[in-house]
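Quick note on numbering: this note's numbering labels position 47 of the sequence shown as 45, and the sequence is numbered without any gaps.
If you're looking for bench data, these hints aren't it; they were derived computationally from the structure.
Since the structure is predicted, the reported quantities are computational estimates derived from the model, not experimental observations.
From the three backbone atoms N, C-alpha and C, an ideal C-beta is built for every residue, glycine too.
Hints may contain errors.
Said to hold, decoys possible - Derived lysine to aspartate or glutamate pairs resembling DMTMM-like cross-links, with alpha carbons at most 25 Å apart:
id: 1; residue 1: Lys47; residue 2: Asp27
id: 2; residue 1: Lys65; residue 2: Asp27
id: 3; residue 1: Lys52; residue 2: Glu33
Stated by the list, open to error - Pairwise CB distance ranges, derived in the manner of DEER restraints:
id: 4; residue 1: Asp14; residue 2: Lys35; range: 21 to 29 Å
id: 5; residue 1: Glu51; residue 2: His11; range: 36 to 44 Å
id: 6; residue 1: Arg13; residue 2: Glu69; range: 26 to 34 Å
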Amino acid sequence: IEEVCDIIGHHHHPRDQETVNFKALYDADLIVNLEEKEKKTPMDREKLKKLIEKAFLTESGRKLAKKVFLES
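Let's have the full structure, built from the sequences with the hints guiding it.
Here is the structure:
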């Protein structure tokens, strides 16, 4: 319960050391938020590539984001 509360409390602001659970939730939330933003205001493909490389915390998150946003 403590870990869940910690994740909920700061899931938009990762710290230097985070759990795998936090990283998975953070990346999933980022994909959802980017999808909503892309529908309203599409981002330049190169900017999106850079964002994916920089912002995601896990390799799995980066791979999924590339599949969702760049492989269309």
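Hint by hint, where does the structure go against what was stated? Just the numbers, ascending. Those not satisfied come down to hint 5.
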